[in-house]
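K.L.:
Numbering (my numbering), first residue to last: 2 to 220.
In case anyone wonders, no lab produced these hints; they're calculated from the structure.
Note that the structure is a prediction, hence the values are computed from the model and not measured.
A virtual CB, placed ideally from N, CA and C, is assigned to each residue, including glycine.
Treat each hint with caution, since some may be false.
Estimated spans, in silico, between C-beta atoms of each pair [claimed, not checked]:
(1) S157 x K90: 24 to 32 Å
(2) W79 x K34: 21 to 29 Å
(3) D27 x A218: 32 to 40 Å
Distance condition first, Cα-Cα at most 27 Å in a straight line; then the derived DSS-like pairs of lysine-lysine [unchecked claim]:
(4) K73 x K171
(5) K216 x K73
(6) K216 x K71
(7) K71 x K93
(8) K171 x K71
(9) K210 x K71
(10) K210 x K93
(11) K71 x K91
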Amino acid sequence: MKSAAAILILGLGACAPAGVVPFINDPVTIDGKANDWSEDFDRTEFGELVYALAMDQYFAYVLVEGIGEKTKRLMFDWGLTLWLNPDGKKVKSIGIRYPVIDRSKPDPSPGYTRYFRVPKPGLDDFGLKGVISNQMLVVQKSRLQLDLDVVMGLDSLSNNLIYEFKIPLKFLEMKSKKGLESLAVGFEVEDSGRGIGPMLAPGYRRTDKINFWYKAAIE
2 MKSAAAILIL GLGACAPAGV VPFINDPVTI DGKANDWSED FDRTEFGELV
52 YALAMDQYFA YVLVEGIGEK TKRLMFDWGL TLWLNPDGKK VKSIGIRYPV
102 IDRSKPDPSP GYTRYFRVPK PGLDDFGLKG VISNQMLVVQ KSRLQLDLDV
152 VMGLDSLSNN LIYEFKIPLK FLEMKSKKGL ESLAVGFEVE DSGRGIGPML
202 APGYRRTDKI NFWYKAAIE
């Protein structure tokens, strides 16, 4: 049985138009609201997401809004993974998953995925994923030292589901050089459905992934 969201799937090769990440002097307040993100931030619609990026001397900021009903439901039920590649390539490098769906399962093998708990009430779980095995050594050490923040909220006017991310450039091993580096950002939404048929056991769970990619250079 096809997932209801299967028609929304965009391959990793799909890419929104390239834009420019504005360099800002005042930091963005990470509160799950979009009021800090004016039109100057190039809020771009792609698929059923609206996104914007900004950067200052120390942090990269990402705003993601779910505007389609199906995508909003999936983001709320199953979370959102933000993928970043400091080399500007459309290849998964560093992933921030929020919220973590199930913490009851044991951690996978060392070097692939670890979960951390943010000291906040409410929806305060997120995971950090690294494709490169030795990358997690950096992640585990850096999480305790750097101000990595993710907040989810609902827009009071549009009722869009909002994710705001603040990512330290040190976490990405980047420095803000205004034009000397690039950053690729991808958004991944999951839809989990139950398959039926002679080859699938009852209760079998299949996950379809919807990928939205955006690549931008630092101004």
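K.L.:
State for each hint whether it applies.
P.N.:
Hints, one by one, checked against the model:
| no. | hint | in the structure |
| --- | --- | --- |
| 1 | S157 x K90: 24 to 32 Å | violated, 37 Å |
| 2 | W79 x K34: 21 to 29 Å | holds, 22 Å |
| 3 | D27 x A218: 32 to 40 Å | violated, 22 Å |
| 4 | K73 x K171 | violated, 31 Å |
| 5 | K216 x K73 | holds, 22 Å |
| 6 | K216 x K71 | holds, 24 Å |
| 7 | K71 x K93 | holds, 24 Å |
| 8 | K171 x K71 | violated, 35 Å |
| 9 | K210 x K71 | holds, 13 Å |
| 10 | K210 x K93 | holds, 14 Å |
| 11 | K71 x K91 | holds, 25 Å |
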